[in-house]
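Student: Below are the chains, spelled out letter by letter.
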Amino acid sequence: MTGFLTVLRRELRIALRRKGDALNVLVFFVVVASLFPLGVGPEPNQLRAMAAGVAWIAALLAALLSLARLFAADYADGTLEQMLVAPQPLAAVVLAKICAHWLLTGLPLALVAPLIGLQYGLPADALCVLLVSLLVGTPVLSLLGAAGAALTLGVRGGGALLGLLVLPLFVPVLVFGAGAVTASLIGINPAAHLSLLGAFLAVSLLVGPWASCAALRVALD
Amino acid sequence: MLETSALACERGGLRLFSDLGFSVAPGGLLRVRGANGSGKTTLLRALAGLTRPAAGAVRWRGEPIGDGYRGEMLFLGHAPAIKDELSVLENLEFSASLAELKNSDCKIALQQMGISRLADLPARYLSQGQRKRAALARLALSAAVPLWLLDEPFAALDDEAIIGVSALCATHLAAGGMLVLTSHQDVPISCATTRDIELQ
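Sequence order for the protein chains is G and H. Under this note's numbering, the residue at position 175 of the first sequence is numbered 175, and the numbers go up by one with no gaps. Each number in this note's numbering corresponds to the 1-based position in the second sequence with 1000 added.
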């Protein structure tokens, strides 16, 4: 637990001193989501139908953008090496890094997403579902993405590889996340979609840190 | 006591050394020598449990190294593990609490390394040598950690800092600690039982 809190506090402190990184991701999300109406035209019904998908895909891409940096700096300056030889369990350290990643990217994205939804003319209850689906779904992106980031650590052109590796894993999150919003739009209860999203979160909470630890040990061998 | 038996390591398919057997007893110093690329760093990383040996085993107190070992070992590699965004003191406090060392002594440790006036400076303004000093301040906190594994601890340091670090090492050894270090410099460290191994 000390290891978890120590690392979480440090990650947040560093982020506070490099505000640009977190802000970039958020601006990227807003810009990508705002480009779609310019491309497909201002037809209100069409925009409303595609709002959830656009918000979710923009969130996936924004998460991907930030995941490439998750372990890279610690790898380069030797901190990761120290984390591996420290008596604190590596899983706690990795989980803290994942938590910090979500607090700095996933959470702000989820909170801004209703504004994007408003831009697309989503009704109030669909906005709520979009917010909830992102709150439940974005931690999955951080958890599974961390494993991908650890696997591509130290690989040249790791960023592109990371996308190929983790985007397919994000498919269920995209399907159920965007599906929940679409369901609420056509008057179906979105609870089933959200429950499945929650189940996916539980599984990735189990798998993500474990896989990341194993991959980090290999990367530093 | 740290022991290896028939230890062999490879890097990218190239055998660096094989059949390496030695032991370090309390109060013992082991100097690892060898040309560039002869496997000094790899040996130290294998002793730290970071690199898996191709053959053989590393044993600590008679057991193969495992989770408990990490609490009794300090490994300082080439990379200083210093974050530019944090101050010198914050960096040391973080590595101390990650290693479960006492946080309260950090200021004293910086003083011992002669960098107490840099405590609140963001680490990005440090010179190479100051960075190394900040990393080595961990030593002053780790008196209770029995085994020190130091990879090129004297690189980039000035004479004054080298004397300070070798004094810390000597104190550690006199108190029954163990030390394995790689170095190209012949820095004298007073110790009862010194052993050298030369990697080919």
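Note that these hints are calculated values from the structure, not bench results. Among the clues, some could well be false.
Unchecked claim - Mimicking SDA-like on lysine to any residue, the simulated pairs with C-alpha atoms at most 25 angstroms apart in a straight line are:
{"no.": "1", "chain 1": "G", "residue 1": "19", "chain 2": "G", "residue 2": "87"}
{"no.": "2", "chain 1": "H", "residue 1": "1102", "chain 2": "G", "residue 2": "87"}
{"no.": "3", "chain 1": "H", "residue 1": "1107", "chain 2": "H", "residue 2": "1174"}
{"no.": "4", "chain 1": "H", "residue 1": "1102", "chain 2": "G", "residue 2": "89"}
{"no.": "5", "chain 1": "H", "residue 1": "1107", "chain 2": "H", "residue 2": "1127"}
{"no.": "6", "chain 1": "H", "residue 1": "1102", "chain 2": "G", "residue 2": "9"}
{"no.": "7", "chain 1": "H", "residue 1": "1102", "chain 2": "G", "residue 2": "91"}
{"no.": "8", "chain 1": "G", "residue 1": "19", "chain 2": "H", "residue 2": "1121"}
{"no.": "9", "chain 1": "H", "residue 1": "1102", "chain 2": "G", "residue 2": "107"}
{"no.": "10", "chain 1": "G", "residue 1": "19", "chain 2": "H", "residue 2": "1119"}
{"no.": "11", "chain 1": "H", "residue 1": "1107", "chain 2": "G", "residue 2": "91"}
{"no.": "12", "chain 1": "H", "residue 1": "1107", "chain 2": "G", "residue 2": "78"}
{"no.": "13", "chain 1": "H", "residue 1": "1102", "chain 2": "H", "residue 2": "1085"}
{"no.": "14", "chain 1": "H", "residue 1": "1107", "chain 2": "G", "residue 2": "5"}
{"no.": "15", "chain 1": "H", "residue 1": "1107", "chain 2": "G", "residue 2": "19"}
{"no.": "16", "chain 1": "H", "residue 1": "1107", "chain 2": "H", "residue 2": "1124"}
{"no.": "17", "chain 1": "H", "residue 1": "1107", "chain 2": "G", "residue 2": "11"}
{"no.": "18", "chain 1": "H", "residue 1": "1102", "chain 2": "H", "residue 2": "1026"}
{"no.": "19", "chain 1": "H", "residue 1": "1102", "chain 2": "H", "residue 2": "1164"}
{"no.": "20", "chain 1": "H", "residue 1": "1107", "chain 2": "G", "residue 2": "32"}
{"no.": "21", "chain 1": "H", "residue 1": "1107", "chain 2": "H", "residue 2": "1164"}
{"no.": "22", "chain 1": "G", "residue 1": "19", "chain 2": "H", "residue 2": "1087"}
{"no.": "23", "chain 1": "H", "residue 1": "1107", "chain 2": "G", "residue 2": "12"}
{"no.": "24", "chain 1": "H", "residue 1": "1102", "chain 2": "G", "residue 2": "5"}
{"no.": "25", "chain 1": "G", "residue 1": "19", "chain 2": "H", "residue 2": "1120"}
{"no.": "26", "chain 1": "G", "residue 1": "19", "chain 2": "H", "residue 2": "1026"}
{"no.": "27", "chain 1": "G", "residue 1": "19", "chain 2": "H", "residue 2": "1084"}
{"no.": "28", "chain 1": "H", "residue 1": "1102", "chain 2": "H", "residue 2": "1015"}
{"no.": "29", "chain 1": "G", "residue 1": "19", "chain 2": "H", "residue 2": "1125"}
{"no.": "30", "chain 1": "H", "residue 1": "1107", "chain 2": "H", "residue 2": "1118"}
{"no.": "31", "chain 1": "H", "residue 1": "1102", "chain 2": "G", "residue 2": "32"}
{"no.": "32", "chain 1": "H", "residue 1": "1107", "chain 2": "G", "residue 2": "9"}
{"no.": "33", "chain 1": "H", "residue 1": "1107", "chain 2": "H", "residue 2": "1161"}
{"no.": "34", "chain 1": "H", "residue 1": "1102", "chain 2": "G", "residue 2": "13"}
{"no.": "35", "chain 1": "G", "residue 1": "19", "chain 2": "H", "residue 2": "1085"}
{"no.": "36", "chain 1": "G", "residue 1": "19", "chain 2": "G", "residue 2": "37"}
{"no.": "37", "chain 1": "G", "residue 1": "19", "chain 2": "H", "residue 2": "1122"}
Student: For the pair supplied as a hint, residue 19/G and residue 1119/H, is the alpha-carbon distance within the 25 angstroms limit?
Tutor: 23 angstroms, holds
Student: Measure nothing beyond the straight line between the CA atoms of residue 19/G and residue 37/G; if it is 25 angstroms or shorter, mark the hint as holding.
Tutor: 29 angstroms, violated
Student: Does the structure keep residue 1107/H and residue 1174/H at a Cα separation of 25 angstroms or less?
Tutor: Satisfied, since the Cα-Cα distance of roughly 24 angstroms is no more than 25 angstroms.
Student: Would you check the hint for residue 1102/H and residue 87/G, treating anything up to 25 angstroms between C-alpha atoms as holding?
Tutor: 14 angstroms, holds
Student: Against the 25 angstroms threshold, does the CA-CA distance of residue 19/G and residue 1121/H hold or violate the hint?
Tutor: 19 angstroms, holds
Student: Keeping to a limit of 25 angstroms between CA atoms, is the pair of residue 1102/H and residue 1026/H held or broken?
Tutor: Judged against 25 angstroms, a Cα distance of about 23 angstroms means the pair holds.
Student: Would the hint linking residue 1107/H and residue 32/G be met if the CA-CA limit is 25 angstroms?
Tutor: Roughly 47 angstroms between the alpha carbons, so the hint for residue 1107/H and residue 32/G is violated.
Student: For the pair supplied as a hint, residue 19/G and residue 1125/H, confirm whether the alpha-carbon distance does not exceed 25 angstroms.
Tutor: Judged against 25 angstroms, a Cα distance of about 19 angstroms means the pair holds.
Student: Checking one constraint from the list: CA of residue 1107/H to CA of residue 11/G, max 25 angstroms. Satisfied?
Tutor: Answer holds: residue 1107/H to residue 11/G is near 22 angstroms, not above 25 angstroms.
Student: Verify the proposed pairing of residue 19/G with residue 1122/H, using a straight-line Cα cut of 25 angstroms.
Tutor: Distance ~16 angstroms between residue 19/G and residue 1122/H Cα, so the pair holds.
Student: Is the straight-line distance between the alpha-carbon of residue 1102/H and that of residue 1015/H 25 angstroms or less?
Tutor: 40 angstroms, violated
Student: Below or equal to 25 angstroms on CA atoms is what counts here, so check residue 1102/H against residue 89/G.
Tutor: 18 angstroms, holds
When held up to the earlier numbered hints, the structure conflicts with 1, 9, 11, 15, 20, 26, 28, 31, 36 and fits the remainder.
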